[in-house]
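Engineer: Sequence:
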Amino acid sequence: MAHAILQSKAARETVAAQPDVLPNYPERGPPRRDGHNDASASTVRVRTDALDRLIELVGELVVAESMVAQHPLVRQDAQGELPRHVASTGKLVRELQHLSIAMRMVPLQPQFQRVDRLVRDLAMRSGKRIEFVAEGEQIEIDRQVAERLGDPLLHMVRNAVDHGIELPADRHAAGKSTCGTVHLRAYRADGGVVLELRDDGRGLDRDRLVRKALQLGHITSAEGLSDSDVHALIFRPGFSTADRITDVSGRGVGMDVVQRNIEALRGRVAVFSQAGHGTTLRVQLPLTAALTEGLLVRVGGERFLVPSLARPLAVRPPRAAVSVTPDAGEVVRWHEELLPVVRLHQVFGIATADTDAAEPLLVVVGDAPTRVALLVDDALGQQQVITRPHGHGSGSVPGVAGEAFLADGGMGRVLDIDGLCSFARDGDPGGARVDTARAVA
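Numbered as in our numbering, the sequence shown ends at 485 without a single skipped number.
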């Protein structure tokens, strides 16, 4: 008879040097046994759309307060009463902003509990012995993100149990414990939340992945592909190495769907594996759908936010490092890679004077093998901004994920990095054509 060994423990690690995005409000505890609830235990049901509207209004209030603070009358009277009143109002507005966002935060514990039950069920059905270990279930995240995370997370767990963890006899023959481990961990990093799902199973077989990719036409040769490049093939549409369809996984929902669902949350997913030792899937998510942290850049007279989850890196390569190839168009040599160059001023039709600088400013974003370089005019530094989905009366814009309320009271746009990476490969960001292709300098 199959056994599932379940173990849950509190997170034992503290993520250092990461300031909290939100202030620490009292935890919502269970009702007291004497029937009297204290303030932290009292709750009231509020519609999600009402919370969304509240956050949007507070965002506009933040912009209005910033505009007042930057007004010449306030700045000229530096020692007067007006600037002090404005500063006091600004503190209250920021506290209201943080509180309104905190109202949407929920712990990840329900998602961890669903994984707990699923691992037990799959272990019994598959005849495998599995220990489930959970860390960080009290980490909080935006309610909308938490709800939409459920399905891709469960599919990842099914894959780990079905394709990763071996049967007890196979593990014993490989010199392993007959009991496999599935470890789910959540922690704060880079202004967001990271979930890592790790198993100690068979890992990914490079040769098998390459054969399948060649068969499906995803690659023409494995020459020059690193292990990480090969492992990333599991996110290609229709990719599966399963020999048979089971009721656990391999039912037509591949890792490409998981990746799309994660990216729809403005997140990213990556895979790390070692043959014979297991696989780790790492999901990076924004802490809240209302706040985005990133690198603010300028293109002509417009400003764009490059989300931190894309790990933006501003570089100034010599002009000689930029060249044109027959197949990929304009590229830049960065370390050992040739990265496609995306000229944002052409993507968005912006007039700019710095198109042929001697040392162009490029922002490298994304992960290999889809990493690209964005050509910008200036990098303005890190900012954390309130965002809202694009299309407030203007419809969807290719290459743009949303609108940003900037610290100086102005507006900017949040870049859709995955759409721009798609544009670099296919000239089609987010499935919609733009008016111009990459330029050749």
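Keep in mind the hints are simulated off the structure, nothing from the lab. You may find that some hints are simply not true.
Here are the simulated distance ranges between beta carbons [stated by the list, open to error]: (1) Pro154 / Ala364: 34 to 44 Å; (2) Glu104 / Ala395: 46 to 56 Å; (3) Arg304 / Trp378: 25 to 35 Å; (4) Asp121 / Ala365: 34 to 44 Å; (5) His321 / Ala233: 16 to 26 Å; (6) Leu382 / Arg255: 24 to 34 Å.
For glycine and all other residues, C-beta sits at the position ideal for the given N, C-alpha and C.
Engineer: Could one say that the CB atoms of proline 154 and alanine 364 fall in the range 34 to 44 Å?
Structural biologist: violated, 55 Å
Engineer: Could you check the hint for me, namely that glutamate 104 and alanine 395 are 46 to 56 Å apart, CB to CB?
Structural biologist: violated, 29 Å
Engineer: May I ask you to test the hint 24 to 34 Å on the CB atoms belonging to leucine 382 and arginine 255?
Structural biologist: Roughly 26 Å apart at Cβ, these two residues keep to the hinted range, so it holds.
Engineer: For the range 34 to 44 Å, tell me whether the beta carbons of aspartate 121 and alanine 365 fit it or not.
Structural biologist: Taking Cβ atoms as reference, aspartate 121 and alanine 365 lie about 50 Å apart, which means the hint is violated.
Engineer: Check the following: the C-beta atoms of histidine 321 and alanine 233 are separated by a distance inside 16 to 26 Å.
Structural biologist: holds, 24 Å
Engineer: Taking the Cβ atom of arginine 304 and the Cβ atom of tryptophan 378, is their distance within the range 25 to 35 Å?
Structural biologist: holds, 27 Å
Against the hints set out earlier in the document, violations occur for numbers 1, 2 and 4.
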